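Protein sequence lines correspond, in order, to chains H and Z. Numbering-wise (the working numbering), the first sequence opens with residue 13 and increments by one. Numbering-wise (the working numbering), the second sequence opens with residue 89 and increments by one.
Since the hints were derived computationally from the structure, they do not count as laboratory data. No experiment lies behind these values; they were computed from the predicted model shown. Glycine is no exception: its CB is placed at the ideal position from the N, C-alpha and C atoms. Take the hints with a grain of salt, since some may be wrong.
[Stated by the list, open to error] Stretches of chain H that chain Z covers, calculated by requiring three or more beta carbons in the stretch to come under 8 Å of a beta carbon on chain Z:
1. 34 to 46
2. 52 to 60
3. 88 to 94
4. 108 to 115
[To be verified] Cβ-Cβ distance ranges computed for the label pairs, FRET-style:
5. Pro82/H / Pro95/Z: 38 to 44 Å
6. Asn42/H / Arg157/Z: 40 to 46 Å
7. Ser114/Z / Arg34/H: 31 to 37 Å
8. Ile99/Z / Glu80/H: 25 to 31 Å
9. Ile99/Z / Ser74/H: 46 to 52 Å
10. Ile24/H / Ile198/Z: 22 to 28 Å
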Amino acid sequence: DTGVSQDPRHKITKRGQNVTFRCDPISEHNRLYWYRQTLGQGPEFLTYFQNEAQLEKSRLLSDRFSAERPKGSFSTLEIQRTEQGDSAMYLCASSPRQGWDEQFFGPGTRLTVL
Amino acid sequence: AQSVTQPDIHITVSEGASLELRCNYSYGATPYLFWYVQSPGQGLQLLLKYFSGDTLVQGIKGFEAEFKRSQSSFNLRKPSVHWSDAAEYFCAVGAGNQFYFGTGTSLTVIP
Numbered sequence: 013d014t015g016v017s018q019d020p021r022h023k024i025t026k027r028g029q030n031v032t033f034r035c036d037p038i039s040e041h042n043r044l045y046w047y048r049q050t051l052g053q054g055p056e057f058l059t060y061f062q063n064e065a066q067l068e069k070s071r072l073l074s075d076r077f078s079a080e081r082p083k084g085s086f087s088t089l090e091i092q093r094t095e096q097g098d099s100a101m102y103l104c105a106s107s108p109r110q111g112w113d114e115q116f117f118g119p120g121t122r123l124t125v126l
Numbered sequence: 089a090q091s092v093t094q095p096d097i098h099i100t101v102s103e104g105a106s107l108e109l110r111c112n113y114s115y116g117a118t119p120y121l122f123w124y125v126q127s128p129g130q131g132l133q134l135l136l137k138y139f140s141g142d143t144l145v146q147g148i149k150g151f152e153a154e155f156k157r158s159q160s161s162f163n164l165r166k167p168s169v170h171w172s173d174a175a176e177y178f179c180a181v182g183a184g185n186q187f188y189f190g191t192g193t194s195l196t197v198i199p
């Protein structure tokens, strides 16, 4: 399967713990995006990368959130000192071109903070 | 502020009936417009997109959408719905350096 993959698919953690999610985009896709989706809502844009450069961060991305794409391939999203409000599905997507175009989404990582 | 509005939270249609899902956006210029579908246990999949040109765009699975600048709308249509179309539908907008999804419309198809 050459689609976008995310790991883990599910994560349960206790409040205050740090968690890290990984996203592997489709090979040679320059753009990589992170979203958060809660039940009954549409995905909320968090951040995106053009190759290894982080071009935009939403105001939703508090200081506890950090994302990296060190070599322009896979990306990680870390949440420090998790809170119950962080419980959500975290989606990753990639696209092959600059500008807004079709995004290919991964299956998501479901985070539950107890 | 930019926003995407999908006024219908849930729609029920009979199989074979026509469908229209509404989407309105708020943005100063013409944004990039998209419709995505999310089925249970499936990832989001692009149905169609509009960047410029012909305001009626065709997508996959028999869907089409029409961009109306005067109404700031990008409504999704399908002439005859199939049971497999039951899913969550999201309108989305690329504007500036941000990307916005609507809250979604859940479609139920009854036999």
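- [ ] Check each numbered hint against the structure and report the violated ones by number, ascending.
- [x] The structure breaks hints 1, 3, 6, 8, 9, 10; every other hint is satisfied.
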